[in-house]
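Asks: Residue numbers (our numbering), protein chains in the order written: chain V, 488 to 1073; chain W, 297 to 518.
Since the hints were derived computationally from the structure, they do not count as laboratory data.
Cβ coordinates follow ideal geometry from the N, Cα and C atoms, glycine included.
Worth double-checking, as some hints may not be accurate.
[Stated by the list, open to error] What follows is a set of in silico ranges between Cβ atoms, one per label pair, in the way DEER data are often shown: (1) V:805 with W:483: 40 to 50 Å; (2) V:755 with W:488: 41 to 51 Å; (3) W:488 with V:928: 51 to 61 Å.
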Amino acid sequence: MMTYFPEEVVEHIFGFLTAHCDRNAASLVVQGVVPPAARLRRNCYAVRPERVAARFPAVRSLTVKGKPHFADFNLVPPDWGGLAAPWIEAFASSPTAAAAGGRGGRAGGGGGGAPLEELRMKRMVVSDECLETLARSFPNFRALVLISCEGFSTHGLAAVATHCRHLREIDLQENEIEDRGPQWLSCFPESCTSLMSLNFACLKGEINVAALERLVSRCPNLRSLRLNRAVSVEALSRILMKAPQLVDLGTGSFWVDHRSEAFHRLISAIERCKSLRSLSGFWDASPLCLPAIYPICSNLTGLNLSYAPAIQGSDLIKLIRHCWKLQRLWVLDCIGDKGLAIVASTCKELQELRVFPSDIYGAGSATVTEEGLVAVSFGCPKLHSLLYFCHQMTNAALITVANNCPNFTRFRLCILEPKKADPLTNQPLDEGFGAIVRSSKGLRRLSLSGLLTDQVFMYIGMYAKKLEMLSIAFAGDSDKGMLYVLNGCKNLRKLEIRDCPFGDGALLENVAKYETMRSLWMSSCDVTLGGCRALAAKMPMLNVEVINERTKAKSRGSPSDFHKVEKCVYRTIAGRGTTPRFVWIL
Amino acid sequence: MSIETERSSTESEVSGLDYEETALTLGLPGGARAAGSDPERKRGFSQTVDLALGTSRNDPRGGGSGRGGGGGGSSGDRSDESLDREVSRSEKPPAPKARVVGWPPVRSYRKNALKSCTFVKVAVDGAPYLRKVDLEVYGGYEQLLSALQEMFSCFTIRNYPNEERKLVDPVNGTEYVPTYEDKDGDWMLVGDVPWKMFVESCKRIRLMKSSEAINLAPRAPR
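So here's chain W without its partners, still in its complex pose (with noise of 0.2 Å):
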């Protein structure tokens, strides 16, 4: 069976130095030559950036770069999906490997016990008792302030122009601006990180009146 891993570092001193292999590129160290590799290996900045956050551009293994600088480091004994299991440590979704069936071997009772906890409490300042939303259940975060409107039915979604979302209490002209707290504990703003990541990401959601949500961290520029 053939063994999915890089040239060694051995092979390449034997045959010399090939163009692809002085070619300076940004990208992961020891990033994948096999045949078939992305022409594009140069990225500007943006892109880079872009693809940290997770779209996936041009390359077709939905991997990319994230590290600034060359390459350095290693000695390429990675395969691809190592390659990609690196870029998803910088904060990336997960990219699209193909799922292999029954792999790793773990009961379908302990997946599913562990995948409900999609399950998250929403909180609104100045309400008596707090509600239970699903997280799953919803496709992006329209859907979700859609619920929460509903929810908590005083409320309207106000739009602004610079895509920030509010709920607005119209009796009162409060605003309120949905937060969420994510795994490690910091209170972050709805709505900057892609969907999928929030859902994986978000313990608890709080409706926090604007005057005190000053203090959350800026939106990154879009």
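Chain V on its own, in the form it takes in the complex (with noise of 0.2 Å):
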């Protein structure tokens, strides 16, 4: 029907469609009528990458992502897929994309060659070959954004210095890169001076300081700096001292000597840096250093601390007393029950609190529990996203912080051991967790943790109706409970289960669901390989993936079908590709 319209009506008609997904599944139909300044997002196997770029030649901007969420914890192995060189190649080699670059070329820009300006990747392999591609052939390039990626080293990196002409942003989050020295910061030419963000805190080794504090000085629009931890104190303040109208810092390791002269330095050095919004880095941070931060703590709105675990107790309050103005905070537990008042009578205009765990294996020391919970959701009613790990958890509490904070939208709970009751009841967590899926109702994503039986899944089914991504571990009593949460969540698009009794009954049950959501991901269930295949057979056009990381009962010929698997489905049009050898494909 749409073929039958001229295209400046159909492109009238998507002027309508403002969401993101709409405006997706609706270009996933239309050919070709995407403008230009189009944001794409894409699974990394949910469409062909030659596809996308034939399709939507003028696209500027493109997310893919890769291995699923639970692949962060160990989950998947580490040869899954992921790849990002298809993606880059299909968008550098595409001849639609090189002509609509030429057609539309910036001032100013490349004449020719892909258009490509932005390129996010999360969870994906990246190698130094295709960063190297990528420099060379999109020449308006801008940003480059890897979260959780790995495969490069800092050669890539210099090549995307060394090419890209109108770099604005490098933002590296959490990725693993090898390092293969220093040099890639002098790859910056004179001639860039164009850098709004550079982020390479998780480079683990030493770089060019030098190099670096001539970059920054050259970049007047440099809003946001990430330093590893290879940078000292005393290069800091001499950055700082050439970019004081830093919005967003990441500092290097923050530790010196606080009764030397470089620790005065620093003072004067941040003391200059009036727009500073955000913080974080802290490396090696001592205690005795954190005076040096008070003068701008009244501005800042985000505050990371969590790779500080120095800094504890009453240091951490008390530099918390002068941050009023936080919207975001990422802490370690060891800011304690007593940390976590604090922050409820300070922080008036919290927004986002994530409390990581300070000591993984062993008891620790001051932890929280779920007092520090209810005091902030007393103390910073704009509350409405959270992680939270902690010890404990009560019904009680959660009931409470759901009458507080009736607007989460991201409320994660990890109960540190798996299948821990309410302590003071003995019972499941399900009116718990019913409580805040009852009056958040603008809930999108929910992490469940502690003791919880099939009625949890009943309040789920019930009253999380945006609900858009959910993860479950340890929790369940039969196949009810993911049919409930199948059955009842209108808008799912992620569902992640490990470790959970939910069998082929609840897999089969309502396959057309999986056509709606964007992948599933079953882990140490109770899903047997005569599941997966029925599914298979059942929805052909869903991806149906068995893995099994004993690679040699592939080669012994098929296992029964009542061997249970690990296995992800994921939603996909187009097929895989190449697969490693222990991903079977249904």
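Both chains are sitting in their own frames, so use the hints and assemble them into the complex.
Replies: Following this line, the structure appears as structure tokens:
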């Protein structure tokens, strides 16, 4: 039907589709009618990259996500896939892309060549070669954002620095980057003055500090700078003197003798940064150095101390008391319930709180319990995004939190001990989480933990109508639990489950649901190979993958259909291309 | 799925008083009475102390007592794992529980970033600069002291009969006692606590001249 309308009409209709997902859905159906400034987001196996490049030649901004979320926690074998190269090559070599680039070439930009300007990748395997391809193929390239990626080294960064003439942003978050020397910073030509954002905090090796200082000096628009551990306090002071306009700063190593001249220089340098709104880094920070940031604390809206385990207790509290404008706070659990009470009384603008575990394997010193969370819920009515690792939680606390904060969009609670009950009542935490989903009608992301029965899933299916992503571990009693969720959560896109008693019955009851979802992950559940085969047979459009780390099982012929599997399902239109040995496509 | 919690107190009321319920034991409140429970629930004081200090003896879970007196307190609503946690709070290294893959859900990047805090500075009284060592690299105190000996190459290690170790500058005979600052900010003698506990709690090391070391906490009797 759409093909009978002239392009102008279709474009007009498109103008009314403002929601990202709607535009994406429509663009899958309609050929080529996507305004040039469109951003595209894809899962890397949802569709073939060549097809995307052919269909959307003029796309300027591309986001691709690779491995499933649980890959962050070592649940996906390392060679599973998520390769960036096919994407970069597809866009680099697509003839329509090149033509589009030539047609719409910006003034001063390269005439001809693919017009891609921004590339964001998450959990992908990126090689130095494809970074080189990227650097050479996209003359207008401006922004590279890599999150939790791996497979590349500082040589790849050097290629990007060397060839991308209009670079505005290099943002490297929590990647595994091989250190092959500090030269990459020297590869930015003298003509590069356009940098606005540079984040290399995750780099492990040394860097060329002099080159960095020169780079910072000639980039007056630099707003965000995140350094790595190799950058000393002395270097930081010099850099800040050259970039007092910074809005976001990640310090390097934040240790210096507080009686020294260097410490006083640091204080002066930081004081000049009147625009600073967000701080992170604090590698190796000692509490005695914290007073250096007191002068600007009252301006801060974002603070990340989650990599500073030496800052605890009273030092942390002293610092927080200065930060009354905070909207986003990331800390370690050594803040303790007392510290969270101070957050509650000080940070009235708080919207996002993340409390990470500082001692993962041991018993730890100060930790947080339900008390800290309850205190924050009383004090911070704007709280809508939570990630909270704690040792225990009670239903009463969760109900109180639900009443105090009805605006959660993200609620992720991780009780460190699997299947831990409410310590006051010895009951499961069904009622507590039930209260959360009932009260926060806008909840989009939820992670559960603690002792949970099928009842909590009934609540989720009943109330969590806006829920898009759900993470479940060590929960539930039967297939009913999973079915409550599949049948009830209309907007569910991603469901990830581990170590739950959900089996083939749950998997196969509502297969049509998977067509509306992005992905399903189940590991260490009761799903069998036979169940996966049945699913693949019923739903040929789905890519059903079975991951089996014991690869020898494959060569010995297929195991019985009753063999329990780890697996991943995701929705795909195209096939996958290459598959590693341990992955079976059914 | 089975719930690994204690039998609730109401259940034992119904079933009457079992022998195990009434046996006086030294142990944590609500101590595990699941199948396969340890018959040697009564422990002598010295064994108790040893358990608290980290040598796991009879208890297959690696947990143990550490609290004086009878059980008291809570109504047995804890699983085995949280029992271990209770014991761990009395300064014992964590019980060797089976590690669940990918739990808690913390990214490797974060785990690694926080792990490398095993680098500590080493200062020697009278030396003009400090060194840094990664404690994780060493298997125990002997290796650490050997490394320090090499690093500040003027020292030799002198062993005393009561297992104290000192480093000696052979030129002038000055003895240095290895000390360290722990997480609480206290200065301790190197060697008192189990190696693993030392690695986790040591923030910096100072080779202190013996003459200045008299104010440090005396060693616990062995």
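Asks: Between residue 755 of chain V and residue 488 of chain W, does the beta-carbon spacing fit 41 to 51 Å?
Replies: Hint holds: Cβ distance 43 Å, inside 41 to 51 Å.
Asks: Assuming the hint says 40 to 50 Å, is it satisfied by the Cβ distance from residue 805 of chain V to residue 483 of chain W or not?
Replies: Distance hint for residue 805 of chain V, residue 483 of chain W is violated at roughly 24 Å.
Asks: Falls inside 51 to 61 Å, the C-beta gap from residue 488 of chain W to residue 928 of chain V?
Replies: 56 Å, holds
Violated hints amount to a single one, hint 1; each of the other numbered hints is respected by the structure.
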